[in-house]
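Number of protein chains: 2
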Amino acid sequence: MMALFLRSILCLLLSARCFGSPFFVPVEDKEALVQETEGESPYGSLWPLPQTVQISTQVLYIPPAQFSIVHGAGSTAGPRCVVLQDAFRRYYEYMFGYSTSPKNDISPSSDRLLQLQVVVTSEDNECSMYPHIRSDESYKLTIDENGAVLQASQVWGALRGLETFSQLVYEDSTGAFLVNFTRIADAPRFAHRGVLLDSSRHYLPLKTILLNLDAMAFNKMNVFHWHIVDDQSFPYQSVLFPELSNKGAYQPFTHVYTPIDVRLVIEYARSRGIRIVPEFDTPGHTTSWGNGQVDLLTPCYQSGKPTGSFGPINPILDTTYSFMQTLFHEISLVFPDQYLHLGGDEVDFSCWRSNPNITKFMAEQGFGTDYRKLESYYIQKLLDIVTKYHKGYVVWQEVFDNHDQINPDTIVEVWKGENYKEELCKVTAVGLSAILSAPWYLDLISYGQDWQKYYKVEPLSFNGTVEQKALVIGGEACIWGEFVDSSNLIPRLWPRASAVAERLWSSKDVTSLGDAYSRLIKHRCRMVRRGISAEPLYTGYCDHEVNV
Amino acid sequence: MMALFLRSILCLLLSARCFGSPFFVPVEDKEALVQETEGESPYGSLWPLPQTVQISTQVLYIPPAQFSIVHGAGSTAGPRCVVLQDAFRRYYEYMFGYSTSPKNDISPSSDRLLQLQVVVTSEDNECSMYPHIRSDESYKLTIDENGAVLQASQVWGALRGLETFSQLVYEDSTGAFLVNFTRIADAPRFAHRGVLLDSSRHYLPLKTILLNLDAMAFNKMNVFHWHIVDDQSFPYQSVLFPELSNKGAYQPFTHVYTPIDVRLVIEYARSRGIRIVPEFDTPGHTTSWGNGQVDLLTPCYQSGKPTGSFGPINPILDTTYSFMQTLFHEISLVFPDQYLHLGGDEVDFSCWRSNPNITKFMAEQGFGTDYRKLESYYIQKLLDIVTKYHKGYVVWQEVFDNHDQINPDTIVEVWKGENYKEELCKVTAVGLSAILSAPWYLDLISYGQDWQKYYKVEPLSFNGTVEQKALVIGGEACIWGEFVDSSNLIPRLWPRASAVAERLWSSKDVTSLGDAYSRLIKHRCRMVRRGISAEPLYTGYCDHEVNV
Chain P
67 MMALFLRSIL CLLLSARCFG SPFFVPVEDK EALVQETEGE SPYGSLWPLP QTVQISTQVL
127 YIPPAQFSIV HGAGSTAGPR CVVLQDAFRR YYEYMFGYST SPKNDISPSS DRLLQLQVVV
187 TSEDNECSMY PHIRSDESYK LTIDENGAVL QASQVWGALR GLETFSQLVY EDSTGAFLVN
247 FTRIADAPRF AHRGVLLDSS RHYLPLKTIL LNLDAMAFNK MNVFHWHIVD DQSFPYQSVL
307 FPELSNKGAY QPFTHVYTPI DVRLVIEYAR SRGIRIVPEF DTPGHTTSWG NGQVDLLTPC
367 YQSGKPTGSF GPINPILDTT YSFMQTLFHE ISLVFPDQYL HLGGDEVDFS CWRSNPNITK
427 FMAEQGFGTD YRKLESYYIQ KLLDIVTKYH KGYVVWQEVF DNHDQINPDT IVEVWKGENY
487 KEELCKVTAV GLSAILSAPW YLDLISYGQD WQKYYKVEPL SFNGTVEQKA LVIGGEACIW
547 GEFVDSSNLI PRLWPRASAV AERLWSSKDV TSLGDAYSRL IKHRCRMVRR GISAEPLYTG
607 YCDHEVNV
Chain U
67 MMALFLRSIL CLLLSARCFG SPFFVPVEDK EALVQETEGE SPYGSLWPLP QTVQISTQVL
127 YIPPAQFSIV HGAGSTAGPR CVVLQDAFRR YYEYMFGYST SPKNDISPSS DRLLQLQVVV
187 TSEDNECSMY PHIRSDESYK LTIDENGAVL QASQVWGALR GLETFSQLVY EDSTGAFLVN
247 FTRIADAPRF AHRGVLLDSS RHYLPLKTIL LNLDAMAFNK MNVFHWHIVD DQSFPYQSVL
307 FPELSNKGAY QPFTHVYTPI DVRLVIEYAR SRGIRIVPEF DTPGHTTSWG NGQVDLLTPC
367 YQSGKPTGSF GPINPILDTT YSFMQTLFHE ISLVFPDQYL HLGGDEVDFS CWRSNPNITK
427 FMAEQGFGTD YRKLESYYIQ KLLDIVTKYH KGYVVWQEVF DNHDQINPDT IVEVWKGENY
487 KEELCKVTAV GLSAILSAPW YLDLISYGQD WQKYYKVEPL SFNGTVEQKA LVIGGEACIW
547 GEFVDSSNLI PRLWPRASAV AERLWSSKDV TSLGDAYSRL IKHRCRMVRR GISAEPLYTG
607 YCDHEVNV
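In order, the protein sequences belong to chains P and U.
So the first sequence is numbered by my numbering: it starts at 67 and just counts up by one.
So the second sequence is numbered by my numbering: it starts at 67 and just counts up by one.
Don't read these hints as lab results, they were simulated from the structure.
Any given hint could be a false lead.
Where chains are identical, the list cannot tell them apart; a pair therefore holds if satisfied intra-copy or between any two copies.
Think about it this way: if two alpha-carbon atoms lie no more than 20 Å apart in a straight line, the pair counts; the simulated EDC-like pairs of lysine to aspartate or glutamate are [as the list claims (entries may be wrong)]: (1) Lys-273 <-> Glu-189; (2) Lys-313 <-> Asp-609; (3) Lys-273 <-> Asp-609; (4) Lys-454 <-> Asp-475; (5) Lys-206 <-> Asp-238; (6) Lys-439 <-> Glu-412; (7) Lys-482 <-> Glu-524; (8) Lys-439 <-> Asp-384; (9) Lys-457 <-> Glu-106; (10) Lys-371 <-> Glu-237; (11) Lys-447 <-> Asp-411; (12) Lys-426 <-> Asp-450; (13) Lys-492 <-> Asp-475; (14) Lys-574 <-> Glu-524.
One chain only, chain P, in its complex shape:
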């Protein structure tokens, strides 16, 4: 049953091409698929599944010692394109670096593949740029008797294609490396495919963050939403306000991200086609900010006297805005991405309500007792600051919910689990772009194969016009840090986030849980082999287990 079902999907995917080529035998018509057994996917270990795939039964042998990944003829990229140079080395190692014995090459020379030629076609190949919201990640990959050619308009598509090529190479039972004749044309369904890490509730060592960027690249995810500070700690080491981390980090010398750390993360991500969208969440979630910046937070009152405790950012002082102006100027320069995440979620009004100066200000402004107006007042001033630095911004959905007027270029992140479809409809109805994270809070663990739950989500299943749906630019797998640090982050996040990765990359029609399971268990073992301690989906084994 599964096999039949898969074959229908396959035909859909291959569409017109399905029977168009005299050479490429559609996989569903042949028995000779690699390792085809009951429940095996015709797509092997490809993850996320490319938009169109044709895999032939013909194979090429790859002798690792002679094989190289090279800039192909006519490519606009060359050895100066350091992003590609780095990727060539990296993917060679992923494919062959674990080969333990020198291979005696006994394959017929006619069946050998000695090169993967990477051709970047656009003059504007973006080799020296940072990836961005409009990065072109499409690519085409052809492997046949003429060799292997990976073609992409920009360097970003080449990176994605290298990952795909590496997923097509496999070892036979004698340890020989093989790849089947293959044609792939691929591009992501959504432009924004993110992972949120929270480095405030627990500090995440740099190595953990870099490892997670590796895992993201293996899953073709392209945005690291870095929820860098929050109530619990302020690990971001500011050059202009060093007291913020000196007094707000868990430990000011060991539990901080220095400017060098941040640059490393940004460059490591860039070379994998991953954007860094840092979040400095205000006006709530800022307790740790108050330690290193006096008068920034609102003093809470009881019976007319300050209690000594503090609430959200104090929105009525000029000093607040001059501080924000300076801090966000620094942030704008440190983080190259076009977008900053400004937070804006879960603002608790009780402290503002208790404070007589705020009450007075509310009256002066004619806000009545509607503290959402005060929140909007603050947010608007912050948006103005950030706009001045030529940055776009992402905000949590409350900013949209509580804000009457919202700039048309705002991106709204929908995170509340209840009625997220309705929220998507509302946000896009007024022409705003949306990112969906509500169904993908991966910190909320439960027993069993919950990856299926994440996989089944269809981001565009809300009521709305075609135009509205086009405004959903993607989604994010979020792993909040209350119960997560470097001890358990990687196995808790992966491969559960892989389910989100495929949902955001592959065609809407790719929905078979059986086919996904078959590919995902192999993909998971591949991640393990590449150093990611991804947890198992269910019983079974990897040839190379995680060795602690």
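Assemble chain U onto chain P, guided by the hints.
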């Protein structure tokens, strides 16, 4: 509130001693407790909490370069007691191995502690033995102006006391090592404090198993219940039946436990005072056995014909019992513990029911259609075999539930979550010993601080006489392997199993969640520092985070 509450508990714990000593100032009367802050435990990082503890405000400095752990005068153990020699080195390293700089010792010489003297008092100190169900783990520890003395009847108590001593040593803000004047008298509440690992649903590399034994020792747990084989795979490499793992392991060369591996595990555990109770679960959970041993499993039938699939062990063939006799003879010799776990859970009768030969046998034996009688028939023959090899046995509760007559020396493991108290009552009512694991299935994960749920369990809260309760010999934290392998085992198990460890070691009265939390977060960071990637309980940090 919490502080007051803690103090009352403390008085209970200190009992008569509380005000009996002119020298030891009960901690609750002084402000000068180490790092006492709101919510801090007066017991620092002790875990599990010893039976009686007195900690003074007076401190001794420990200069690591001069400090040593030695056999004290009058000890029956000496350098030939390799278990202690190994423990001395190990605990020195746990305490001081992370010290990064040579210390300039500027402490007054009168306030220095240069030795911990370990005195084993019994002639029968068990230095060369394996730990066993009646091992004496009690010890006394005194640290005062006369030095530090750890006294124990047997080597097992000395091991527990070394762990306690290592938990009392701390660093001040200058990096100097300190220990307070302390008196502790300690012994476990329950004799059997186990962890179950499942190496069949996923193979667990040797290093993971050894690491888990380290963690168990840090928590004074003393039984590794090794659920070594099951339906999914048979990684135990049998000398007499090599085909069992050759054909039943996930991979016969890499995913097996060789005889040397098993011996290593046993010896590594022994040196930490941990017993290995291996489980060879039959007659169900044996699918993998059938691959390497023909005619062992019951052929299932449909419409009078064999379907080609197999059910539980075939209980009607003589060959089954001759096989079991030989295999369990090997097992009895390989595993030195007095006890084997024989499984006996979840036997599915449907295959037996389908098989005409079994139907015939049932009729001959006068079993009617009560397949529980057939199960009992099998189990009784197995128990007879094991008894012949002078082994005791543990079985899952179904063996008790389905078996009319049960040998009086059987230990019954209660695992079913519903009505486990009733089951404990029933088992002990007929005079059988019981092990409780039902409330401690740690593979069943959920969001939040579920350690509290495990901590709150009181194993003796069932209805029963004093005699009945004395028959509950302990409990086990079980982490079944469906969703667990070496990628996530350690952070998923620890520190959640630490909650079980304290429940089984400490006094029944030790129930404060606040006090436990304060100690457990420190204990968790200590485990991390010693190489165990235990996950966080909640927001916060360790001085030394897990570095992936």
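Okay, the hints, checked on the actual structure:
1. Lys-273 <-> Glu-189: neither (35 Å within a copy, 52 Å between copies)
2. Lys-313 <-> Asp-609: between (47 Å within a copy, 16 Å between copies)
3. Lys-273 <-> Asp-609: between (25 Å within a copy, 16 Å between copies)
4. Lys-454 <-> Asp-475: within (14 Å within a copy, 80 Å between copies)
5. Lys-206 <-> Asp-238: neither (26 Å within a copy, 61 Å between copies)
6. Lys-439 <-> Glu-412: within (15 Å within a copy, 62 Å between copies)
7. Lys-482 <-> Glu-524: Classified as within; 16 Å inside a copy, 38 Å across copies.
8. Lys-439 <-> Asp-384: Result: close within a single copy only, 18 Å intra versus 84 Å inter.
9. Lys-457 <-> Glu-106: neither (47 Å within a copy, 45 Å between copies)
10. Lys-371 <-> Glu-237: neither (73 Å within a copy, 41 Å between copies)
11. Lys-447 <-> Asp-411: within (16 Å within a copy, 66 Å between copies)
12. Lys-426 <-> Asp-450: Intra 24 Å, inter 87 Å, cutoff 20 Å: neither.
13. Lys-492 <-> Asp-475: within (15 Å within a copy, 69 Å between copies)
14. Lys-574 <-> Glu-524: For Lys-574 and Glu-524, the Cα distance is within 20 Å only inside one copy (8 Å; across copies 51 Å).
When the structure is compared with the earlier hints, violations turn up for hints 1, 5, 9, 10 and 12 and for no others.
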